[in-house]
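Same order as they appear, the protein sequences are chains E and D.
Per the numbering used here, the very first residue in the first sequence carries number 1; after that it's consecutive.
Per the numbering used here, the very first residue in the second sequence carries number 1001; after that it's consecutive.
Read the hints as simulated data drawn from the structure, not as lab findings.
If you're wondering where the values come from, they're calculated on a predicted model, not measured in any experiment.
Please note: incorrect hints may appear among the correct ones.
[What the hints assert, rightly or not] Some chain D residues near chain E, calculated using beta-carbon distances under 8 Å:
#1 Glu1026
#2 Leu1030
#3 Gly1032
#4 Gln1037
#5 Tyr1062
#6 Tyr1063
#7 Ser1067
#8 Ile1118
[As the list claims (entries may be wrong)] 20 Å max Cα-Cα, derived EDC-like pairs, lysine to aspartate or glutamate:
#9 D/Lys1065 <-> E/Glu248
#10 E/Lys164 <-> E/Asp23
#11 E/Lys354 <-> E/Asp279
#12 E/Lys262 <-> E/Asp137
#13 D/Lys1065 <-> E/Glu298
#14 D/Lys1065 <-> E/Asp371
#15 D/Lys1082 <-> E/Glu366
#16 E/Lys375 <-> E/Glu302
#17 E/Lys9 <-> D/Glu1060
#18 E/Lys358 <-> E/Asp279
#19 D/Lys1165 <-> D/Glu1119
#20 D/Lys1065 <-> D/Glu1003
#21 E/Lys9 <-> D/Glu1153
#22 E/Lys271 <-> D/Glu1157
#23 E/Lys9 <-> D/Asp1058
#24 E/Lys324 <-> E/Glu266
#25 D/Lys1065 <-> E/Asp277
#26 E/Lys305 <-> E/Glu376
#27 D/Lys1088 <-> E/Glu298
#28 E/Lys271 <-> E/Glu297
#29 E/Lys362 <-> E/Glu376
#30 D/Lys1088 <-> E/Asp371
#31 E/Lys301 <-> D/Asp1058
#32 D/Lys1149 <-> D/Asp1031
#33 E/Lys301 <-> D/Glu1003
#34 E/Lys9 <-> D/Asp1031
#35 E/Lys164 <-> E/Glu258
#36 E/Lys271 <-> E/Glu205
#37 E/Lys301 <-> D/Glu1060
#38 D/Lys1175 <-> D/Glu1137
#39 D/Lys1140 <-> D/Glu1003
#40 D/Lys1140 <-> D/Glu1177
Beta carbons are placed, not taken as given, at the ideal position from N, Cα and C, and that holds for glycine.
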Amino acid sequence: MPSKKNNYKLMQGNEAVAQGAIDGGVRFFAGYPITPATEIAEILSNKLPEVGGKFIQMEDEIGSIAAIIGASIGGVKSLTATSGPGFSLMQENIGFACIAEIPIVIVNVMRGGPSTGLPTSPSQGDVMQARWGTHGDHPIIVLSASNVYQAYLLTIKAINFSEKYRNPVILLLDEVVAHMRARVLLPKKDEIEVLERIKPTVPPEWYVPYENNLTGVPPMAAFGDGYRYHVTGLVHDEKGFPTSKPDEVERGLRRIFEKIEKGFHEICMVKYHYLEDADFCIVAYGSVVLSSLSAIEELRKEGIKVGLLELNTLFPFPRFAFDKVLNFGIKGFLVPEMNLGQIYREVVRVTERKVPVKKFNKIYGELITPDEIIKEIKKF
Amino acid sequence: MKERVEIRLAGTGGQGLITAGIILAEAAILDGKNVVQSQSYGPEARGGASKAEVIISDREIYYPKTSNPDILLAMSQEACNKYFNDLKPGGILIVDSTFITNVPSSSAYQIPITKMTIEKLKKPVFANIVALGILCEITKIVTRKSLTKAVLERVPEAFIEQNKKALQLGFRLAKKELKNRKEPEEFTADE
Chain E
1 MPSKKNNYKL MQGNEAVAQG AIDGGVRFFA GYPITPATEI AEILSNKLPE
51 VGGKFIQMED EIGSIAAIIG ASIGGVKSLT ATSGPGFSLM QENIGFACIA
101 EIPIVIVNVM RGGPSTGLPT SPSQGDVMQA RWGTHGDHPI IVLSASNVYQ
151 AYLLTIKAIN FSEKYRNPVI LLLDEVVAHM RARVLLPKKD EIEVLERIKP
201 TVPPEWYVPY ENNLTGVPPM AAFGDGYRYH VTGLVHDEKG FPTSKPDEVE
251 RGLRRIFEKI EKGFHEICMV KYHYLEDADF CIVAYGSVVL SSLSAIEELR
301 KEGIKVGLLE LNTLFPFPRF AFDKVLNFGI KGFLVPEMNL GQIYREVVRV
351 TERKVPVKKF NKIYGELITP DEIIKEIKKF
Chain D
1001 MKERVEIRLA GTGGQGLITA GIILAEAAIL DGKNVVQSQS YGPEARGGAS
1051 KAEVIISDRE IYYPKTSNPD ILLAMSQEAC NKYFNDLKPG GILIVDSTFI
1101 TNVPSSSAYQ IPITKMTIEK LKKPVFANIV ALGILCEITK IVTRKSLTKA
1151 VLERVPEAFI EQNKKALQLG FRLAKKELKN RKEPEEFTAD E
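Starting from the given sequences, assemble the full structure and let the hints guide the process.
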C-alpha cells in the first residue's frame, strides 16, 4: 500500500509508452496519427520539445518510418507509433532497418483487421506480421505489454534492445492496454537502465562499419561524426558495399541472426504466475494476461490449480520457458488469444504436444473475459 | 471495502463523463486504493451513448472491464435503458432526472442533476462534477477530501471556484435525496 507520500499516478497505456520513450532517451519521433495509437504521438509532440527532442508529423507511415531510420543513422534514438494499417505500410522499411542494422522502435497498438478492419476495437492479429511482415529471412525482436506499468518498462527495454543489438524492435500493445488507465508508481530515474549504442573508437579511416566482432554487433558511427560509410538495403560486405559473393552474403546474413541469438536469454522475457503447483498452464500476452489472472483467482478458489505463463517477449519465441513449465508437471496448456491462434501454433511447435495444447480465440473486437477462460480450463 | 467495486458512468458524448471517470479514479488513488479506468471508444463517443468505467479495490485489479457494475450513474435515457440491466442485483442506480423520465427502478436515486446545475451555476458543463459530488455522498466510494482534491487538480485555475461550488451542490443534493428516502420507522406488531 502507498507510503505516506502518495506518488502513485493515474496513467494511460499510451501515456506510459510516451513517458517510457522520453525516459529511455528517445529524442526523435515521426508518425502519423491513427487510433488507438494517437495519444503516443499527441503526448510526444508536447514532451519532446521540452527535452530538446524533435517531433514531426509525416505525410504517412511510410514517411514516418523512413524519417526515424534517418534520425537514428544521425545518432538519435528514434521511435514511431502506429496501428494495423500504418504498420502494414511500414513493413518494407522495417526490412531496410534490419539489413542496414539501424536501431529503431516501432510501437504497434493492435486493432481489429485485416485492412481498415475494426477501428478501433482490441485485437492481437498482428503477432505474426510483427515477426514476418517484412520480406526475406530477417531477425526481429517483438515485445508485448500486458498492463500500463509494463508499457512503460517495455518501451525502455525496446529502446535498449534496439540500441544494443542494432536491430528494429517492435513493441505490441492492444487497444485495451493502450487506452486503459491504471494506478502506477514509476521507478526513479536512477533505477532505470538506459543503454546507449556503441560508437566506433578507431580513427575514421580504420572504420569497418559492418565488421564482425565477438558480440556480432558492429559499433555504429553517426552521420556527421566524420565516419564515411555506405548504407544500403542490398546485402553488403563488411564495408557496407553491395555484394553477391556467396561467402560474404552468408557471413553477413548469418551474423545479423547470430547477434540476436547471443542475446536470446536477455531478450526473452516471461513471467511465471502460480505455476509451481499448477496442473494447467495458461499462455497469454497483452491484455489477455489480465483476464487470465482474474480467471486464475476464481479457479484457485474452487481448488483448480492453474498458473499462467506471461509472455513479454514474443520473438525470439521464449521456448526455454516451456521446458521449465513442463518440468512443473503441467497436464495441459490453454492459449487464449484475440486472433485465431498465432501464438498457439508456436506453443504447439515448442511443446511438441507432449501434453494437450488447446486454444481459445475471440476475433470480434472484445477482450476475452475471465469467465470464458474459466469455462475453457474446466473442459480439460 | 469490498474487494472490487465497479462503477459505470454513462450518458451522452459531451457530458464530461470520461473526465468524471478520470477524476473519480484519481480520487481513489488519493484514498490509497488501487484503480483502473477505461472508456468506450468508437463512433458512439460522438453524441451517442458514451461511458466511462472505474474499478476501485484494495487489492490488485486484473481484468480491467466491468460487466456487472455495482454502481451506475446514468445521465441520459438511452444510457439508462442500455446499461440498467447490467447493474448487479442490489446495485446502486443514480439517474439525472432532467433527462431520465422513464426510471427502471423504484430504488433509483433520482436527482435533476443538469437542471439544478444550470439553475445554480448557470452552465450545464459543471453537471459532471455535480454528479461526482452526488456519487461520492451516496456511495462513499471515495472520500470527500480526495474527491475535492482530485477535482481541483484536474480543472483549469480559472474554473476552480465554480467547480468547488459544483461539488458542494452535488453533496447537498445527495444529502437532500438521502433524507427524503429515509426508510419509514420500522413497524412492529407490539405497538
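Now the hints, each set against the structure:
no. : hint                    : in the structure
1   : Glu1026                 : 5 Å, holds
2   : Leu1030                 : 6 Å, holds
3   : Gly1032                 : 5 Å, holds
4   : Gln1037                 : 4 Å, holds
5   : Tyr1062                 : 4 Å, holds
6   : Tyr1063                 : 4 Å, holds
7   : Ser1067                 : 7 Å, holds
8   : Ile1118                 : 30 Å, violated
9   : D/Lys1065 <-> E/Glu248  : 54 Å, violated
10  : E/Lys164 <-> E/Asp23    : 17 Å, holds
11  : E/Lys354 <-> E/Asp279   : 14 Å, holds
12  : E/Lys262 <-> E/Asp137   : 18 Å, holds
13  : D/Lys1065 <-> E/Glu298  : 16 Å, holds
14  : D/Lys1065 <-> E/Asp371  : 12 Å, holds
15  : D/Lys1082 <-> E/Glu366  : 18 Å, holds
16  : E/Lys375 <-> E/Glu302   : 13 Å, holds
17  : E/Lys9 <-> D/Glu1060    : 15 Å, holds
18  : E/Lys358 <-> E/Asp279   : 14 Å, holds
19  : D/Lys1165 <-> D/Glu1119 : 12 Å, holds
20  : D/Lys1065 <-> D/Glu1003 : 15 Å, holds
21  : E/Lys9 <-> D/Glu1153    : 12 Å, holds
22  : E/Lys271 <-> D/Glu1157  : 44 Å, violated
23  : E/Lys9 <-> D/Asp1058    : 16 Å, holds
24  : E/Lys324 <-> E/Glu266   : 16 Å, holds
25  : D/Lys1065 <-> E/Asp277  : 29 Å, violated
26  : E/Lys305 <-> E/Glu376   : 14 Å, holds
27  : D/Lys1088 <-> E/Glu298  : 18 Å, holds
28  : E/Lys271 <-> E/Glu297   : 17 Å, holds
29  : E/Lys362 <-> E/Glu376   : 13 Å, holds
30  : D/Lys1088 <-> E/Asp371  : 16 Å, holds
31  : E/Lys301 <-> D/Asp1058  : 19 Å, holds
32  : D/Lys1149 <-> D/Asp1031 : 11 Å, holds
33  : E/Lys301 <-> D/Glu1003  : 14 Å, holds
34  : E/Lys9 <-> D/Asp1031    : 12 Å, holds
35  : E/Lys164 <-> E/Glu258   : 14 Å, holds
36  : E/Lys271 <-> E/Glu205   : 47 Å, violated
37  : E/Lys301 <-> D/Glu1060  : 16 Å, holds
38  : D/Lys1175 <-> D/Glu1137 : 7 Å, holds
39  : D/Lys1140 <-> D/Glu1003 : 15 Å, holds
40  : D/Lys1140 <-> D/Glu1177 : 15 Å, holds
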